[in-house]
Each structure stands twice: as C-alpha cells, then as structure tokens.
Amino acid sequence: DAKTTQPPSMDCAEGRAANLPCNHSTISGNEYVYWYRQIHSQGPQYIIHGLKNNETNEMASLIITEDRKSSTLILPHATLRDTAVYYCIVRVKGSQGNLIFGKGTKLSVKP
Amino acid sequence: GAVVSQHPSRVICKSGTSVKIECRSLDFQATTMFWYRQFPKQSLMLMATSNEGSKATYEQGVEKDKFLINHASLTLSTLTVTSAHPEDSSFYICSALVPRWVSQPQHFGDGTRLSIL
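Sequences listed follow chains V and D, in order.
The opening position of the first sequence corresponds to residue 307 in our numbering, with each subsequent residue numbered one higher.
The opening position of the second sequence corresponds to residue 89 in our numbering, with each subsequent residue numbered one higher.
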C-alpha cells in the first residue's frame, strides 16, 4: 500500500469547515483513498473513500486532485464531537490484508 | 449496517491474571479478523491476523504463546492475554474483514482498555 503523509494536528472552530489534507504521491492506479477517524477511547470509524472523483456522503466530502497525489477530507460544519484523530489510508479495493494506520491528524474542534 | 461487537470494554486486573477479549461480527460472517494494539498517543499496530478454522498469523515481535487467538466460528474471534503484566496494559482493538466489501474494507470494535495492576 502506498504511504500517506498528514499534518500531525489541526484546529477548527465549531461550525466552520474542517479541511484535512493528505499526501499520497506514490499512489498507484488501482489504489483507493480511505478515511477513518478515531474518537478518543473508541475503535476507528469509516468515513468515506474514493478513487479519482470527488465523493460526498452524510459525514464528509472527499476531494482528490486530478493527479491523485493528494486529497482533502472536508467536514462541512465541524462540531465538538468531530474532535478525533483522522487517518488517511491508501488501499487496493478488495485487498484481504489489514489496514495500515499512520499517525493521522489530530483534529481539535474548539467552541 | 454491519457491526462488530467487542467485549469487555474495560478490564482492570492483577498481574499474573489471564484476560479474554471477545470480538463478534453481529450480522455478517467474518472469515478474517484482525487484532490491533494501541499504546497512549500512538497509532494502531497490528498484532495478529485471525482466520476462521486455522492458526492465527502473528506479527514480528508478538508472542503467540502470550497472546492466544482462537477463531472457532465465522462470527467470533477471541484474544487471551495470558499471565498479563503491567507492560501489557494497552488498548486492544479488533476488526473484521467485510466479505466482498464495496465500501469500507473493515469494521472495527470499540476496543478493550486493559489495565494490569
């Protein structure tokens, strides 16, 4: 699986959009970008994934650059409950192996 | 949607005690489950891969005789920490590989906080 790079921490004001970047410059053509988050003392929670088109669901939006070397997870209206560590993982769809977690980005949403 | 249940959520016990943690897939069959360990302020690290009906595959540095894994059915994998010591105190998380997954590749349990006194 390709390696990803994320900033260690970010702050966001409550109610504002949180934009979390991820670099994956060595991503290959058949690898998807997945985002998980881990709220303190809980297991990771799936957020969204994409290949090359922008994706949106009830939790977030995922913007992938045209060259696919980076992406941004957008939480449109962050709340205090969105405070968590966010992990960007690159993965071949259908792979049977474990997920490899980097250090992620610690997002702190402040009132 | 699919859910993975992990039990117990928290254990506090004396040094030398053996502790069993259960991981259940509630509405799907999981032929493969993964056990992770997470120390404070660190990321999840894979301990072992549990396959139904066969021996678990352990990561380098993880003692298979200390961390016993049993995956006897398609919905249950257990991790037993034998003769636990304070250095085994950690957050243990299981996940289940979703069969023919279309969206998310794995569902995670909510973790077990193990504290050895």
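There's no promise every hint is true.
Stated by the list, open to error - If you only want the chain V side, here are some residues facing chain D, beta carbon under 8 Å, derived:
#	residue
1	Gln-348
2	Leu-405
3	Lys-409
4	Gly-410
Stated by the list, open to error - Calculated pairs, EDC-like style, for lysine to aspartate or glutamate (alpha carbon to alpha carbon, straight line, at most 20 Å):
#	chain 1	residue 1	chain 2	residue 2
5	D	Lys-129	V	Glu-337
6	V	Lys-412	D	Glu-175
7	D	Lys-152	D	Asp-115
8	D	Lys-108	D	Glu-151
9	V	Lys-358	V	Asp-388
10	D	Lys-152	D	Asp-198
11	D	Lys-129	D	Glu-175
12	D	Lys-129	V	Asp-317
13	V	Lys-416	V	Asp-317
14	V	Lys-409	D	Glu-110
Honestly, the hints are just simulated from the structure, not real lab data.
Glycine is no exception: its CB is placed at the ideal position from the N, C-alpha and C atoms.
Taking the hints in turn, this is what the structure says about them:
With its C-beta approaching chain D no nearer than about 5 Å, Gln-348 (chain V) sits inside the 8 Å limit, and its interface hint holds. About 6 Å separates the beta-carbon of Leu-405 (chain V) from the nearest beta-carbon of chain D, less than 8 Å, and the hint is met. Because the smallest distance between the Cβ of Lys-409 (chain V) and any Cβ of chain D comes to about 5 Å, under 8 Å, the interface hint for this residue holds. Satisfaction of the interface hint for Gly-410 (chain V) is found here, the shortest Cβ-Cβ separation to chain D being roughly 7 Å, below the 8 Å cut-off.
Of the supplied pair hints, the one linking Lys-129 (chain D) and Glu-337 (chain V) is violated, its CA atoms being roughly 28 Å apart against a limit of 20 Å. A C-alpha spacing of about 26 Å is found between Lys-412 (chain V) and Glu-175 (chain D), which places the hinted pair above 20 Å, so the restraint is violated. Between Lys-152 (chain D) and Asp-115 (chain D), the direct Cα distance comes to roughly 29 Å. Violation of the 20 Å bound is thereby established for this hinted pair. The suggested pairing of Lys-108 (chain D) with Glu-151 (chain D) holds, with an alpha-carbon distance near 16 Å, which does not exceed 20 Å.
The suggested pairing of Lys-358 (chain V) with Asp-388 (chain V) is violated, with an alpha-carbon distance near 25 Å, which exceeds 20 Å. Using a Cα cut-off of 20 Å, the hinted pair Lys-152 (chain D) and Asp-198 (chain D) is violated, with the two alpha carbons roughly 23 Å apart. Taking the CA atoms of Lys-129 (chain D) and Glu-175 (chain D), the gap is near 16 Å; set against the 20 Å cutoff, the hint holds. A distance of roughly 17 Å separates the Cα atoms of Lys-129 (chain D) and Asp-317 (chain V); the hinted pair therefore holds under the 20 Å criterion.
At roughly 7 Å between alpha-carbon atoms, Lys-416 (chain V) and Asp-317 (chain V) fall within 20 Å of each other, so this suggested pair holds. Straight-line distance between C-alpha atoms of Lys-409 (chain V) and Glu-110 (chain D) comes to about 26 Å, which puts the hinted pair past the 20 Å bound.
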